[in-house]
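Go ahead and model the full structure; you've got the sequences and the hints to work with.
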Amino acid sequence: MPVRHDKDIPIWRRRTTARKWGVWGLWLLGTAIFVYCWQLISDKTIWMFVWDAPTQAADLASRMSPPKWGYMSELWRPLWDTLNIATLGTLLAILLAVPVAFCAARNTTPSALLVRPLALFIIVGSRSINSLIWALMLVTIIGPGVFAGVIAIGLRSVGFVAKLLYEAIEEIDPDQVEAITATGANGPQRVAYGIVPQILPAFAGISVFRWDINIRESTVLGLVGAGGIGLQLDASISTLAWTQVSLILLVILATVVVSEWVSATIRHAMI
Amino acid sequence: MSATSATRTWKRPALISNPKWRWAIWIGAGVYLAFAFGTLEINWARLQEGLPRGQRFLASFFPPDFGSRADSILDGILESLWMTVTSTVIGVMISIPVGLGAARNLAPRPIYLLCRGVVAIARTFPEVILAIFFVKLFGFGPFAGFLALSVGTVGFYAKLLAEDIEDMDPVPPEAVLATGASWFQWLNYAVQPQVIPRMIGLAVYRLDINFRESAVVGIVGGGGIGATLLTAFDRYEFDSAAAILLIIIAIVMAVEYSSGFVRRWVQ
Numbered sequence: 073m074p075v076r077h078d079k080d081i082p083i084w085r086r087r088t089t090a091r092k093w094g095v096w097g098l099w100l101l102g103t104a105i106f107v108y109c110w111q112l113i114s115d116k117t118i119w120m121f122v123w124d125a126p127t128q129a130a131d132l133a134s135r136m137s138p139p140k141w142g143y144m145s146e147l148w149r150p151l152w153d154t155l156n157i158a159t160l161g162t163l164l165a166i167l168l169a170v171p172v173a174f175c176a177a178r179n180t181t182p183s184a185l186l187v188r189p190l191a192l193f194i195i196v197g198s199r200s201i202n203s204l205i206w207a208l209m210l211v212t213i214i215g216p217g218v219f220a221g222v223i224a225i226g227l228r229s230v231g232f233v234a235k236l237l238y239e240a241i242e243e244i245d246p247d248q249v250e251a252i253t254a255t256g257a258n259g260p261q262r263v264a265y266g267i268v269p270q271i272l273p274a275f276a277g278i279s280v281f282r283w284d285i286n287i288r289e290s291t292v293l294g295l296v297g298a299g300g301i302g303l304q305l306d307a308s309i310s311t312l313a314w315t316q317v318s319l320i321l322l323v324i325l326a327t328v329v330v331s332e333w334v335s336a337t338i339r340h341a342m343i
Numbered sequence: 045m046s047a048t049s050a051t052r053t054w055k056r057p058a059l060i061s062n063p064k065w066r067w068a069i070w071i072g073a074g075v076y077l078a079f080a081f082g083t084l085e086i087n088w089a090r091l092q093e094g095l096p097r098g099q100r101f102l103a104s105f106f107p108p109d110f111g112s113r114a115d116s117i118l119d120g121i122l123e124s125l126w127m128t129v130t131s132t133v134i135g136v137m138i139s140i141p142v143g144l145g146a147a148r149n150l151a152p153r154p155i156y157l158l159c160r161g162v163v164a165i166a167r168t169f170p171e172v173i174l175a176i177f178f179v180k181l182f183g184f185g186p187f188a189g190f191l192a193l194s195v196g197t198v199g200f201y202a203k204l205l206a207e208d209i210e211d212m213d214p215v216p217p218e219a220v221l222a223t224g225a226s227w228f229q230w231l232n233y234a235v236q237p238q239v240i241p242r243m244i245g246l247a248v249y250r251l252d253i254n255f256r257e258s259a260v261v262g263i264v265g266g267g268g269i270g271a272t273l274l275t276a277f278d279r280y281e282f283d284s285a286a287a288i289l290l291i292i293i294a295i296v297m298a299v300e301y302s303s304g305f306v307r308r309w310v311q
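Protein sequences appear in the order of chains A and B. Position in the first sequence counted from 1, then plus 72, gives you the numbering used here. Position in the second sequence counted from 1, then plus 44, gives you the numbering used here.
Note that these hints are calculated values from the structure, not bench results. Some clues are possibly wrong.
With a straight-line cut-off of 25 Å between C-alpha atoms, the simulated DSS-like cross-links for lysine-lysine are [unchecked claim]:
#, chain 1, residue 1, chain 2, residue 2
1, A, Lys140, B, Lys180
2, A, Lys116, B, Lys180
3, B, Lys203, A, Lys235
4, A, Lys79, A, Lys92
Here are some, though not all, of the chain B residues that point toward chain A, as calculated from beta-carbon distances under 8 Å [to be verified]:
#, residue
5, Arg90
6, Arg97
7, Val133
8, Ile176
9, Lys180
10, Gly185
11, Pro186
Among the chain B residues that face chain A by a calculated CB cut under 10 Å, a handful are [said to hold, decoys possible]:
#, residue
12, Ile60
13, Ala188
14, Gly270
15, Ile292
Note that CB positions come from ideal geometry on N, CA and C, so glycine has one too.
And the structure:
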């Protein structure tokens, strides 16, 4: 316990002197970096527009209300597309992620030297690139539409699902696999009876969780042309149809809240 | 052992134990998939047309072209990094009071509801949609992206902070309270040490997320590398796009490795 002596009276302190200076130094360094970055952003900002923002916000709010409820009839189809993008994309991700996860887990990988780094690279690559960028690429390659959105969501989610799944595989209880091996089971049987039952709850939880995230992400894919309600949002913003925009935002809000509730209920029921 | 038990076979237990529910879910899923694929409208002709373009894109990864757009790539990456740092710092700073307010065991009921509401709204909209509006309000440039990322950070960080505080061990706070500590002393010596290691880890994780998102807000005009990337795609300069993507992956990997290091160090 760090103690300071003040005229021979010991006084309790939280940190030793060296640690205190270390923490202080880190704060100084962090603040310096922050101030430097802020300075650079501030240089690139036209502050007149920023000060003007409250007026702009009031103006925008008045133009956005009331939401144009009649537009709802045109939104059901994009909403269905959005749901499909998220769901089919998640399915695609699961199909691709399971083999990747088994290759990436230290205890199931066929080759720790060759296959595992490759699988880990797939995971990082998929995770580092946002679904919107995946969509941007796929729209150039396979054309605009829902299909590009499905693939984009799928490719983006592979990394997420595979990462959580391979961590679950690495954390399994090895005793059960050993017991299955002792009965004379071969490789696939070991996986099916020793590993899969242990990771199945985690797997279901991860899938539902990712589906919930994907609903949120698929609402914006339309901005780059990959289908879903984002297309309507983009079109409404471009044509300055602000009452439609506010309705779309409300629909997105409702969808996200419902999907979050569904996902929480399912995960709660399983655990 | 009776004679009948010899003929019994073992079956694996199902994930959903109730057979009615299990079948209902399988059939429901089948019907849904049929409908979903029915409305997918895949344009095979367009797909075929795009495949050579896809090949060209993949081919341009070997080698990617870092050179010809080096200036704008460097500019975009640096801008993304500034936005990442500032938005994480500001977002975390705002998250602390909001997160404290959103913890059920700390805040009185009205403040709890208010803060939970703030978190829910900040979490709902993707950063890109926030960025669209901030660009509208504050003009093009990194400031709008910075604000969008900050709001996203609040939704993420304040929620996790609140949950962490709700899960903390209630004994140390009680002990500190029993010494006659004031509210701030109580917060600083009983609550903060319990949540800080995990929160530092989460802040670094959010830094990582913010960098990834900063690549996207640029697409709608919020500054950062996204604008450069969009331009590269629009001009079919796939080799430059490949270079940008590789740089993004490299930076994310670097941040992820260092964040793992930081987390192990603080815990």
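message: Under the constraints set out in the numbered hints, which ones does this structure not fulfil?
response: Structure breaks no hint.
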